[in-house]
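Colleague: Letter by letter, the chains look like this.
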Amino acid sequence: MAWTMLSGRGVHQVHAGRERAPRPEPRDEATVLAAEGFAEEALPWLDAVHGFALRLTRGDRDAAEDLVQDTFLRAHRFWHTYERGSNARSWLFTICRNTFLHGKQKAINRYEDSTVDLEARMETIAAVSAWGTGSKRPDREFFDQLIEEEVIEAIDELPDEFREVLVLSDMGDLKYAEIAEVLDVPVGTVKSRLFRGRRILQERLRTFAVRSGYVQVEDE
Amino acid sequence: MIRCEEAMARLWEFLDGELEDVEEAAVRKHLEVCHRCYPKYDFQRAYFEYMRRTSRHGEGSVELRRELFQKLLEQEAGDD
Numbered sequence: 000m001a002w003t004m005l006s007g008r009g010v011h012q013v014h015a016g017r018e019r020a021p022r023p024e025p026r027d028e029a030t031v032l033a034a035e036g037f038a039e040e041a042l043p044w045l046d047a048v049h050g051f052a053l054r055l056t057r058g059d060r061d062a063a064e065d066l067v068q069d070t071f072l073r074a075h076r077f078w079h080t081y082e083r084g085s086n087a088r089s090w091l092f093t094i095c096r097n098t099f100l101h102g103k104q105k106a107i108n109r110y111e112d113s114t115v116d117l118e119a120r121m122e123t124i125a126a127v128s129a130w131g132t133g134s135k136r137p138d139r140e141f142f143d144q145l146i147e148e149e150v151i152e153a154i155d156e157l158p159d160e161f162r163e164v165l166v167l168s169d170m171g172d173l174k175y176a177e178i179a180e181v182l183d184v185p186v187g188t189v190k191s192r193l194f195r196g197r198r199i200l201q202e203r204l205r206t207f208a209v210r211s212g213y214v215q216v217e218d219e
Numbered sequence: 000m001i002r003c004e005e006a007m008a009r010l011w012e013f014l015d016g017e018l019e020d021v022e023e024a025a026v027r028k029h030l031e032v033c034h035r036c037y038p039k040y041d042f043q044r045a046y047f048e049y050m051r052r053t054s055r056h057g058e059g060s061v062e063l064r065r066e067l068f069q070k071l072l073e074q075e076a077g078d079d
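Residue numbers (numbering that gives the first Met the number 0), protein chains in the order written: chain A, 0 to 219; chain B, 0 to 79.
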């Protein structure tokens, strides 16, 4: 919903929240599957899981496709454990990530930081401030200048713990609580990692932009 | 009204739609009238729009879909 100030000097239209992808429609060809509800609830998220897998594997298309297949085959095998009508997307992202970590024999790093909320907010301030100094104020047209491959590269270069949270949120449209469920970490940790990841990503994009001449630097 | 620093500290949560009603209203009210913070809000909003467009990279190929579907059918046949 848009809220507009009706009087006074400033008239800014401000929206809380952001546009999120609608739930994809199920595909007809899959309805012959015997697993009840799998075609309707799980398969529509194939593209979303594929997007997540691509970033987990840092753009390795073959590895991502293998990961997607393993994820859905495992989900299908354990479909009886899924509670129908709950959150199939989060459930699939969880399986995808666990499958990836298992394949890489990585340990899940769990930690709890009691000052995480404060840190997360400081990350926001730092990121917003970073764009306000040293260069002319960036505007939304900045993003039209970016080359998509450079952005993907910048995302793939993020450390694992920041990359997966950022991809789940900003590309996968998951809410903080859903990401916490996927990663099995507290919501505060999600916020801290997400805001730090966004800050790092936006700083890297700014570096690309300065180097490419999209943003003019005044005092660097 | 909340100060610029407070509004900016909550900006990402505001844009993520994660604030409680009272906090959300306070941030919105600030952004409606603050000429210094509004461009930062607008820039971050553009970031989300860009990331959403970029996420379309993740669309799986027809081959992937077909191959997966075939394997699911084989898995079901193997379960019988």
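Mixed in with the good hints there might be a few duds.
Stated by the list, open to error - DMTMM-like mimics (lysine to aspartate or glutamate), calculated; alpha carbons at most 25 Å apart, straight line: (1) A:103 with A:59; (2) A:174 with B:15; (3) A:174 with B:66; (4) B:70 with A:159; (5) A:174 with B:19; (6) A:103 with A:160; (7) A:103 with A:46; (8) A:174 with B:20; (9) B:70 with A:147; (10) B:70 with A:61; (11) A:103 with A:143; (12) B:28 with B:41; (13) A:103 with B:22; (14) B:70 with A:46; (15) A:174 with B:41; (16) A:103 with B:41; (17) B:70 with A:39; (18) A:103 with B:15; (19) A:174 with B:23; (20) A:103 with A:159.
Just so you know, these hints were derived from the structure itself, not from any lab.
Colleague: Hint by hint, note whether the structure agrees.
Modeller: Hints and how they fare:
{"no.": "1", "hint": "A:103 with A:59", "verdict": "holds (14 Å)"}
{"no.": "2", "hint": "A:174 with B:15", "verdict": "holds (8 Å)"}
{"no.": "3", "hint": "A:174 with B:66", "verdict": "violated (31 Å)"}
{"no.": "4", "hint": "B:70 with A:159", "verdict": "violated (30 Å)"}
{"no.": "5", "hint": "A:174 with B:19", "verdict": "holds (14 Å)"}
{"no.": "6", "hint": "A:103 with A:160", "verdict": "holds (15 Å)"}
{"no.": "7", "hint": "A:103 with A:46", "verdict": "holds (22 Å)"}
{"no.": "8", "hint": "A:174 with B:20", "verdict": "holds (16 Å)"}
{"no.": "9", "hint": "B:70 with A:147", "verdict": "violated (33 Å)"}
{"no.": "10", "hint": "B:70 with A:61", "verdict": "holds (17 Å)"}
{"no.": "11", "hint": "A:103 with A:143", "verdict": "violated (36 Å)"}
{"no.": "12", "hint": "B:28 with B:41", "verdict": "holds (15 Å)"}
{"no.": "13", "hint": "A:103 with B:22", "verdict": "violated (42 Å)"}
{"no.": "14", "hint": "B:70 with A:46", "verdict": "holds (17 Å)"}
{"no.": "15", "hint": "A:174 with B:41", "verdict": "holds (21 Å)"}
{"no.": "16", "hint": "A:103 with B:41", "verdict": "violated (39 Å)"}
{"no.": "17", "hint": "B:70 with A:39", "verdict": "holds (18 Å)"}
{"no.": "18", "hint": "A:103 with B:15", "verdict": "violated (31 Å)"}
{"no.": "19", "hint": "A:174 with B:23", "verdict": "holds (16 Å)"}
{"no.": "20", "hint": "A:103 with A:159", "verdict": "holds (13 Å)"}
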